[in-house]
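J.: Given the structure of chain A, go ahead and fit chain B onto it with the hints provided.
These protein sequence lines are chains A and B, in that order. Position 48 of the first sequence, counted from 1, bears residue number 111 in our numbering, the numbering being contiguous throughout. Position 16 of the second sequence, counted from 1, bears residue number 17 in our numbering, the numbering being contiguous throughout.
Simulated from the structure, these hints should not be mistaken for lab results. Predicted model only: the values in this text are computed from it and were never measured. Some clues are possibly wrong.
[Claimed, not checked] Chain A residues, not near chain B, derived (Cβ > 10 Å throughout): (1) 74; (2) 81; (3) 97; (4) 125; (5) 143; (6) 147; (7) 161; (8) 171.
[Unchecked claim] Covered by chain A, according to a simulated footprint, are these stretches of chain B (three or more residues, beta-carbon under 8 Å): (9) 49 to 59; (10) 98 to 110.
A virtual CB, placed ideally from N, CA and C, is assigned to each residue, including glycine.
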Amino acid sequence: AQSVTQLGSHVSVSEGALVLLRCNYSSSVPPYLFWYVQYPNQGLQLLLKYTSAATLVKGINGFEAEFKKSETSFHLTKPSAHMSDAAEYFCAVSDLEKLTFGTGTRLTIIP
Amino acid sequence: EAQVTQNPRYLITVTGKKLTVTCSQNMNHEYMSWYRQDPGLGLRQIYYSMNVEVTDKGDVPEGYKVSRKEKRNFPLILESPSPNQTSLYFCASSFRGGFNNEQFFGPGTRLTVL
Numbered sequence: 064a065q066s067v068t069q070l071g072s073h074v075s076v077s078e079g080a081l082v083l084l085r086c087n088y089s090s091s092v093p094p095y096l097f098w099y100v101q102y103p104n105q106g107l108q109l110l111l112k113y114t115s116a117a118t119l120v121k122g123i124n125g126f127e128a129e130f131k132k133s134e135t136s137f138h139l140t141k142p143s144a145h146m147s148d149a150a151e152y153f154c155a156v157s158d159l160e161k162l163t164f165g166t167g168t169r170l171t172i173i174p
Numbered sequence: 002e003a004q005v006t007q008n009p010r011y012l013i014t015v016t017g018k019k020l021t022v023t024c025s026q027n028m029n030h031e032y033m034s035w036y037r038q039d040p041g042l043g044l045r046q047i048y049y050s051m052n053v054e055v056t057d058k059g060d061v062p063e064g065y066k067v068s069r070k071e072k073r074n075f076p077l078i079l080e081s082p083s084p085n086q087t088s089l090y091f092c093a094s095s096f097r098g099g100f101n102n103e104q105f106f107g108p109g110t111r112l113t114v115l
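Bound conformation, chain A alone (with noise of 0.2 Å):
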């Protein structure tokens, strides 16, 4: 079974300072992986995904992640944080039915 794991349930950065997110994957076949964001009281939102087409993938808002097999990760990066980037963050692994979560990062945004 496919499965993802995030490390750091909370991670706190300072305005203007790299966001660092961490996912690693478990998958018996090449995967499809995703980042979605949960803002306060709304639904997820697709930040990124990569599909195989390339290791290095942007995203909406200035995110992006690079996929490593060799380290099984796919972790997601800003350059730069900005408070409207406090948010819930799940990493996921796509199997032919469904999307295998991770327990999410909350990351919080210090002015």
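T.: Only chain B this time, still in chain A's reference frame:
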């Protein structure tokens, strides 16, 4: 506007009182799914549907029912709700199932069962 809608957004009910949470999408998507979100557990799939009249169990189907009579609608039914079904529920849809399964999510339904 392309969207997934859920109703109601908030619901407080009592143990054993049947309820239905509706989900509708206007994107002509074949695939629809229900998830529940609980603190520390992320989102877990309850049921999914690959197309009309085709439904199957996800990871946590106990206590839930679904139907897919029309392409756009995928209601979630709790015939005898219990307090352990208190949760935040999300409906999602995508063009079709499969590995490249980019899903669009509804705004969520917060259910409390007393």
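J.: Against this structure, judge whether each hint is valid.
T.: Evaluation of the provided hints:
Even its closest Cβ contact with chain B, about 15 Å, leaves residue 74 (chain A) beyond 10 Å, as expected for a residue assigned away from the interface. With a least CB separation of 24 Å from chain B, residue 81 (chain A) remains clear of the 10 Å interface cut-off, as annotated. For residue 97 (chain A), the shortest C-beta to C-beta distance to chain B comes to about 7 Å, within the 10 Å cut-off, and the non-interface label is violated. With a least CB separation of 20 Å from chain B, residue 125 (chain A) remains clear of the 10 Å interface cut-off, as annotated.
In this structure residue 143 (chain A) is separated from chain B by more than 10 Å, as the shortest Cβ-Cβ distance comes to about 27 Å. Non-interface status of residue 147 (chain A) relative to chain B is upheld: no Cβ of that chain comes within 10 Å, the nearest being about 19 Å off. For residue 161 (chain A), the non-interface assignment is contradicted: its Cβ lies about 5 Å from the closest Cβ of chain B, within the 10 Å cut-off. At roughly 16 Å, the least C-beta separation between residue 171 (chain A) and chain B is larger than 10 Å, which holds for a residue marked as non-interface.
Counting residues of the region 49 to 59 of chain B whose CB falls under 8 Å from any CB of chain A gives 4; the rule of at least 3 is met. Beta-carbon proximity to chain A at under 8 Å applies to 12 residues in the region 98 to 110 of chain B; the threshold of 3 is reached and the given coverage holds.
In the structure shown, a violation is registered for the earlier hints numbered 3 and 7, in ascending order.
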